[in-house]
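These protein sequence lines are chains X and Y, in that order.
Heads up: the first sequence begins at 1 in full-length UniProt numbering, then just goes up one per residue.
Heads up: the second sequence begins at 1 in full-length UniProt numbering, then just goes up one per residue.
Heads up, a few of these hints could be off.
[Said to hold, decoys possible] Calculated cross-link-like contacts (lysine to any residue; reagent style SDA-like; alpha-carbon spacing at most 25 Å):
#1 X:Lys257 <-> Y:Ala289
#2 X:Lys173 <-> Y:Asn105
#3 X:Lys309 <-> X:Lys173
#4 Y:Lys217 <-> X:Val166
#5 X:Lys148 <-> Y:Asn105
#6 X:Lys56 <-> Y:Ala289
#7 X:Lys148 <-> Y:Glu148
Simulated from the structure, these hints should not be mistaken for laboratory data.
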Amino acid sequence: MGTVMQMAVPKINERRGHMKWSKMTKGEKTEAKWGLAFVTPTIIGLLTLNFYPIVKTIYMSFFKTGDFGRGNTFVGLQNYKNVITSGEFWGSLFNTVKYAIIEVPLSIAIALVLAVLLNRKMRFRSGYRTIFFLPMVAAPAAVAMVWKWLYNQQYGLLNQLFHTDVSWISDPKHAWIALGAVGVWSIIGYNMVLFLGGLQDIPRDYYEAAQIDGASELHQFFNITVPLVSPTTFFIVQTRIIAALQVFDLIYMMIDKTNAALKNTQSVVYVFYQYVFTYDNKGYGATMIVFLLIFIMLITVVLQKLDKKIVFYN
Amino acid sequence: MLENSKHARERNCQTKKLFKIVEVFMKRKVVALILTAIMAAGMVTGCGSNSASETAEGNSAGEKAEVIDLKVWDSKQKDGIQTICDEWTETSGVDVKVEVVDWDNYWTLLEAGASGGEMPDLFWMHSQYVQKYMDAGLLLKLDDYIAEDDAIDLNNYYQDIVNIYKSSDGSQYAVPKDYDTIALWYNKSMFDEAGIAYPDETWTWETMYEAGAKLNKADSSQYGMVGNTDANQEGYYNIIYSYGGYVINDAKDKSGYDDPKTLEAMEMYGKMIEDCMAPQSVMAETGNADLFTSNTAAMGMFGSWYVPSFKENEGASNWGVSVLPYHDANGNGQCDEGERVSIYNGLGWSASAGTEDPDAVYDLISFLGSKEGQLRQAELGVTMSAYVGTSKAWKNSTDVIDLSAYLDEAEGAATLVIMPSSRNAVWAEEAKQSFVAAWNDTSTMADVCRSIADSMNASLAQ
Numbered sequence: 001m002g003t004v005m006q007m008a009v010p011k012i013n014e015r016r017g018h019m020k021w022s023k024m025t026k027g028e029k030t031e032a033k034w035g036l037a038f039v040t041p042t043i044i045g046l047l048t049l050n051f052y053p054i055v056k057t058i059y060m061s062f063f064k065t066g067d068f069g070r071g072n073t074f075v076g077l078q079n080y081k082n083v084i085t086s087g088e089f090w091g092s093l094f095n096t097v098k099y100a101i102i103e104v105p106l107s108i109a110i111a112l113v114l115a116v117l118l119n120r121k122m123r124f125r126s127g128y129r130t131i132f133f134l135p136m137v138a139a140p141a142a143v144a145m146v147w148k149w150l151y152n153q154q155y156g157l158l159n160q161l162f163h164t165d166v167s168w169i170s171d172p173k174h175a176w177i178a179l180g181a182v183g184v185w186s187i188i189g190y191n192m193v194l195f196l197g198g199l200q201d202i203p204r205d206y207y208e209a210a211q212i213d214g215a216s217e218l219h220q221f222f223n224i225t226v227p228l229v230s231p232t233t234f235f236i237v238q239t240r241i242i243a244a245l246q247v248f249d250l251i252y253m254m255i256d257k258t259n260a261a262l263k264n265t266q267s268v269v270y271v272f273y274q275y276v277f278t279y280d281n282k283g284y285g286a287t288m289i290v291f292l293l294i295f296i297m298l299i300t301v302v303l304q305k306l307d308k309k310i311v312f313y314n
Numbered sequence: 001m002l003e004n005s006k007h008a009r010e011r012n013c014q015t016k017k018l019f020k021i022v023e024v025f026m027k028r029k030v031v032a033l034i035l036t037a038i039m040a041a042g043m044v045t046g047c048g049s050n051s052a053s054e055t056a057e058g059n060s061a062g063e064k065a066e067v068i069d070l071k072v073w074d075s076k077q078k079d080g081i082q083t084i085c086d087e088w089t090e091t092s093g094v095d096v097k098v099e100v101v102d103w104d105n106y107w108t109l110l111e112a113g114a115s116g117g118e119m120p121d122l123f124w125m126h127s128q129y130v131q132k133y134m135d136a137g138l139l140l141k142l143d144d145y146i147a148e149d150d151a152i153d154l155n156n157y158y159q160d161i162v163n164i165y166k167s168s169d170g171s172q173y174a175v176p177k178d179y180d181t182i183a184l185w186y187n188k189s190m191f192d193e194a195g196i197a198y199p200d201e202t203w204t205w206e207t208m209y210e211a212g213a214k215l216n217k218a219d220s221s222q223y224g225m226v227g228n229t230d231a232n233q234e235g236y237y238n239i240i241y242s243y244g245g246y247v248i249n250d251a252k253d254k255s256g257y258d259d260p261k262t263l264e265a266m267e268m269y270g271k272m273i274e275d276c277m278a279p280q281s282v283m284a285e286t287g288n289a290d291l292f293t294s295n296t297a298a299m300g301m302f303g304s305w306y307v308p309s310f311k312e313n314e315g316a317s318n319w320g321v322s323v324l325p326y327h328d329a330n331g332n333g334q335c336d337e338g339e340r341v342s343i344y345n346g347l348g349w350s351a352s353a354g355t356e357d358p359d360a361v362y363d364l365i366s367f368l369g370s371k372e373g374q375l376r377q378a379e380l381g382v383t384m385s386a387y388v389g390t391s392k393a394w395k396n397s398t399d400v401i402d403l404s405a406y407l408d409e410a411e412g413a414a415t416l417v418i419m420p421s422s423r424n425a426v427w428a429e430e431a432k433q434s435f436v437a438a439w440n441d442t443s444t445m446a447d448v449c450r451s452i453a454d455s456m457n458a459s460l461a462q
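Start from the sequences, fold in the hints, and give me the full structure.
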C-alpha cells in the first residue's frame, strides 16, 4: 500500500540508491535490462508526445508563423512583449486562477468527506462509490454538453425547476462560478478514489485508541484522518492545481463564442486555442502557453517547498 | 499432435503468469499511478507544423486510387452527396467515402492535414479560407483539366462564385458546387394569433420591426425574432447592403463599419434587437435556429443551407419563407434596384494538390460540377446548385415548405451581393465577439461599429 504516494514524492524509500553497472550481479543486470525494456515505450511516448512539442512550442514562440507552418519569420521577443502588454492574456490568467480557486479546494474537501463516509462498512458501498466515480468515466465534452443544457436560460432544467430566468453561464458576474461547479462535480469521484487509497494507509489502531479515549467522530476526522491522509491530499492538490490551470474543454464546450461572459471566463488555454486555430497566429499562441508553463512551474516549486512544512509523513 | 498440446500448455501457462502479473500490478495501484501520471503530464500543447516539402511528395502520378476520401462539414448534405458519388462509382469503379466534420473542426483538421501532408483527396472550399490554401499551393490546379473537359464550362456558373476560387494569376482551384441566398422565415401560427399578415415582398425593414415588436411577448415565452451576433451572412450583412452600406471595400483594405449608411442600417438592426429579439444571452446559448424551430421565435433570417434540417422538422408545415425585407431608400414606396439585398456565397469542390490519383479525383469533380451532377444535387434537395438554371428542382424537393423565395431572390427579386470577405478574415470573427456588447446595450451600437472599423482597418493593414 501507499505506492502512489511514495512514487509521487520520490525522496522517500530510496532503498537502493545509485548503483554502478560494473558492480551489479548478473541477476541485477538482467533485471535492469528488463526494467529498461519495460519503460522504453513510455519514454518514447513521453519524448515524442510531450517533450518534442514542448521544445517546438518554445521554438515557435520566437516566430511570426506563416500559413501551414511555412514561411516562419524570426521576431525575437516580439511575441513575449505582445503577450505581456495584452490585457486579454492577463485577464485569461485571472480567469484561470479564479476557476482553480473554486475547483481545487471544493473538489478536495467534498471528496475527502465522501471518502471517509464511504470507507465505513455500509450497504451499497461499492454502488455509491461507482456513482460518485461515474462523472470521471464520462467524456468531458459530453459532461459539458449536458451541463450546458441544464444551465440553458430558455429551456434549462435549472430555470424550469426554480422558476427563475437566470442566465447561468452568460452573466459575466457569476458564469465563472457555474463553470467551476461543473469542474468540481466532474472531478469529485476521482479525488475520492485517491483518498480512499490514502485512507487504507492509516492504521486502525489510532482510531481504536482514540475511541477508547472517548474522541468523537469529528475529532477523529480532524486529528487523525486529516493529518495522516495529508500526503494524499498534497498529491491531489498538486495535480489538481496543474490540471485546473490547463482547463479548456469545459469552457470550449459550454461558453459559446458570442457568450457575453466569454471575456470573464476564457482560460489561458482557451485563448491560446483561439489564437492558434481561429486567428491562425501560432507564434503568439505558443508564447501564451510558455507563460502558462512558467506559471505552473513556479506554483509547483512553491508547493514542493511547502511540502516539507505541511505534509505529515508517518 | 503431442508437440501442439505441449505448446498450448506452455502458452496457457504464460497467459496465467501474465494474469498474475496484471493482478499484482492492479493491487499495487499501478493503474492509479499511471492515470495520475498521465494527468500530471497533462496537456502539453503541440502545434504540429511540419516542413512544407512533405505535402508535395505524396503526388506520384499514375497511381490508381482505390478510395477517394471526401470531406464535407454539413451532415445534412452527406447522404445526398454520397448518393451522387455512388452514381459516379458505378461508371468509374472507384469508391468514394464521404465524411462529415463540423465547421470549426473541419478547418482545424484541414489545416493540420495540410501542414502534415495528409489532406483528404476532395473537399469543400469556402470563400473565407480559399486564398490561404491557394497561396500555399495546397490545392490542385484545375485549369488544364477544365480546358480538356467538355462537361465543365466556367461561364455556366454564377461568376462571383467562380471568381472566389480563382487565384490572382487567374488559375482556377475549385469548381463551384452550390450557391446560397438568405430568406426570412416566419411562424404562421404566431402571426395568425397576433392577427398580422405574413411577410411578403412588400415588407420593408420598418414593417419587420413593427411586426416583430408586436410578436415579442414580455414573459419571454415568445420572441419577435432572432439574430445573434454570429449570424452575419444570414443577418446584419443583408440589412447593411440593403441600406447602401458595406462591410469591406472592393480593394479589401478598408472597413465599411464606420460608413454612415452602414451605421444607419446597424442602428435599425439595433432597434430590432432591443424591441423584437430574444436577449442576447438566450440567442448565444440556444442558437438562432433552435429558437426558431422550437417555436419560440416568430421570425428569423436563415440561409438556404438550413433548409435540409428545417424541412425534416415535424412542425415544418407551420413555417413560411419570404424574400427579405427591403429599404425604401428613395421613398417611392416600392422596391427598386439595390434596395433588397441578399448576401450570397457558394462553395467549391477543391482537390488536394498531393492527391494520389488526380485524374480520378478531377473526374469526380467534373461529374459533381456538370449540368447533370448539379441537377441531381438540386433534385435530391441537397442545396441549390451553382450551375445557373439547375436549381428549380431544389424547390420541389419538399412539399411541406414553399422555398420559392430563395430562388426568386437569385432571379431578380433581390440584388445578390457576394459574401464580403478578405484573405485574412479574422476581423469577421472578431466583429461577432465585439458586437456582443452592442447587442446587450443597443445604445452603444454606433460606438461599437466604429471601434470594429478601427480594429478591422488595423488588421487589414497588416
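Structure-based check of each hint:
no., hint, in the structure
1, X:Lys257 <-> Y:Ala289, "16 Å, holds"
2, X:Lys173 <-> Y:Asn105, "30 Å, violated"
3, X:Lys309 <-> X:Lys173, "37 Å, violated"
4, Y:Lys217 <-> X:Val166, "18 Å, holds"
5, X:Lys148 <-> Y:Asn105, "20 Å, holds"
6, X:Lys56 <-> Y:Ala289, "41 Å, violated"
7, X:Lys148 <-> Y:Glu148, "53 Å, violated"
Taken one by one, the earlier hints fail for this structure at numbers 2, 3, 6, 7, listed in ascending order.
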